[in-house]
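The hints should help you fit chain B onto chain A, whose structure is shown.
Top to bottom, those sequences are chains A and B.
In this text, residue positions in the first sequence follow numbering that gives the first Met the number 0: the first is 0, and each later residue adds one.
In this text, residue positions in the second sequence follow numbering that gives the first Met the number 0: the first is 0, and each later residue adds one.
These are computed hints drawn from the structure, not numbers from a lab.
Small disclaimer: the values here were computed from a predicted structure and weren't measured.
Be careful, since some hints might not be right.
Stated by the list, open to error - Covered stretches of chain B (chain A as the covering partner; in silico rule of three or more C-beta atoms under 8 Å from a C-beta of chain A):
#1 168-178
#2 190-202
Unchecked claim - Distance condition first, Cα-Cα at most 16 Å in a straight line; then the derived EDC-like pairs of lysine to aspartate or glutamate:
#3 A:K102 <-> B:D42
#4 A:K63 <-> A:D23
#5 A:K99 <-> B:E185
#6 A:K63 <-> A:D74
#7 A:K151 <-> A:D259
#8 B:K63 <-> B:D42
Beta carbons are placed, not taken as given, at the ideal position from N, Cα and C, and that holds for glycine.
Below, each chain spelled out in residue letters.
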Amino acid sequence: MGIQIKDVRKRFGALTVVNGVSVDIAEGEFFVLLGESGCGKTTTLRMVAGLELPTSGSIHINGKDVTYAEPRHRDIAMAFQDYGLYPNMTVYENIAFPLKIRKVSKADQRRKVEETAGKLGIFNYLGRKPFQLSGGQRQRVSLARALVRNPKVFLMDEPLSNLDAKLRAVMRTEIKKLVSELGITTIYVTHDQIEAMSMADRIAVMRHGDMVQVGSPLEIYDRPLTHFVADFMGSPPMNLFPASMTTAGRPTGEVREFVDAIPDHERDLISSRLDASGQFTLGIRPEHLKLVQLGSPGSARAVVDFVEPLGQTTNVYLTAGEKRLIAVTDRCVSHVGDVVGVYAPPEFLRVVAN
Amino acid sequence: MSMQHDAIRRGSKAALAYALALLATAFFAFPIFWMFTSSLKGDEIITAYPPVWIFAPSLQNYVKLVEDLGIMTMFINSSIIVGLSTCLAMISGTLAAYALARFDIKNKQMIAFEVLSIRMLPPIVSVVPMFILARWLGVFDTYWLLIAAYALAGLPFVVWVMRVFIQDIPQSIEEAALIDGCSRVEAFWRVTLPLLMPGLAATMVIVFMFAWNEFLLASMLTSKAAKTLPVIAANTLNAKSIAWGMASAAGVVMSLPVVVLVLLMQRYLVRGLTLGAVKG
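For reference, chain A alone in the conformation it holds in the complex (with noise of 0.2 Å):
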């Protein structure tokens, strides 16, 4: 049960959008594709909802081959990054459309529109159109018109990207909570990465068509497997130092401290993530980075560039010889031009491949 997709490739003429991509989700599961715009993560999400064909590959819904199947007959549910809205229709009529085309009663219709309207907050805007309406209501219409007909899948593209910043974060939860509690299996398109940790329950980061890591959010942001995912996720971002290892079990890199400190399992990575030319990236998050007093056993020397205080917490950004860190401590007392060591604590230490 779930979505099964295997090896999907999606090509448009010689343009490769999706390249063989592969994943399993369970039933009820919140799944987030992630990544930058043209990562394919859309195309992938249109295919499974039958608007785009792959070019090979196939794609199961609840045990039913629906490759190449019309979207009508998926049973799946959609909520598009401009609403997709029918503007010559009052907000009822747009939700009770999918039951119109379905046939159910008239009365029906009524009693399964307004229920689902006042789930969402917008029974008072029944009778208007959709350019009467905020972006905020438009998104609750194009939700209420999605889930009205009690959808076993539903899909969602950047359905919140053209909201301001504070609705976001309201709708954020809001989508989160009514999906869980109708136990819809989901997958979610978006470029922003702290929607993706706050809503899914795994993430797919993708990259140039390809899924680099699937995982929970938390194992994405503690572990990411490459330098793509590290730097993408998180802000401030993780301090990543280009390290190599051409002489097996010594590796080296620009902070020796760091590269000095890292623990033996992590060490035991470093074979399997070197590229063809030994390299690999040392990572480490800016919240785990400490400021210690100079010269501190295990700690760099480092010069404090710039400080930005936000209230709750400090970024400290600094210079350690050549390479550029950030910090994030609690509120400090350290100012531009301060010398002092950077001490990174081994556990925290990650080995990511290029």
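Same frame as chain A, but now just chain B:
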């Protein structure tokens, strides 16, 4: 003091604007007024100079049109030919435009250009070959010939204009319909078509007017049975004299259906003609 001054200035500005608008309206409306009054005048006062402004209107020109020239038959001919050809051009043109706008067709641009190329040929060039072909096919002086000719002439225009109108409708609306349970045809019928009404109305009026007023093909490709209004209107002018009264009456008769059509479509037309400018 200055407020009063401002009020006067604003008032005179408005007066100037009204005067200009009136002038423009008079410029366009006067020939129609002239045609309409001439059609009600007798032959003796029609060419009088200075013009006769006050006269007893008579319908004799219209009676002559019906009795001598048999304009009723031509009116029916024109209505059938132009009505059918407009419908044909609209239906096939809109469907073609939909395919060109929405589907992934190879060499789409070239096909669209091909369609347009029909209109690049001056009609006068094609009229003789059409005449010969029509004789050969045995459709000379029938409805079918002019219906086909007008439908073909209107088609490129419909395809090109409707393509733009269709492209202006966000694709996600149709995709939403597909997901909501429609087939392609249903999505087009229930969702796209209602949104296309302004475009369809504007395009239809233009295609209709072109065919309704077309003279060259009508005069060369018909002789009696399928004669249309423009041809008969031209018959009021002959080598010896010009029947001004009848010509004016024919003009009025010919203008009426267009006026009625525009009035019927008015609700959509204003939006259709300005859709590109004020999208929303």
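These are the hints, each one checked on the structure:
1. 168-178: holds (count 8)
2. 190-202: holds (count 3)
3. A:K102 <-> B:D42: 67 Å, violated
4. A:K63 <-> A:D23: 14 Å, holds
5. A:K99 <-> B:E185: Distance of about 12 Å is within 16 Å: holds.
6. A:K63 <-> A:D74: Status holds; Cα separation ~11 Å.
7. A:K151 <-> A:D259: 52 Å, violated
8. B:K63 <-> B:D42: 12 Å, holds
Comparing the model with each numbered hint stated earlier shows that hints 3 and 7 do not hold.
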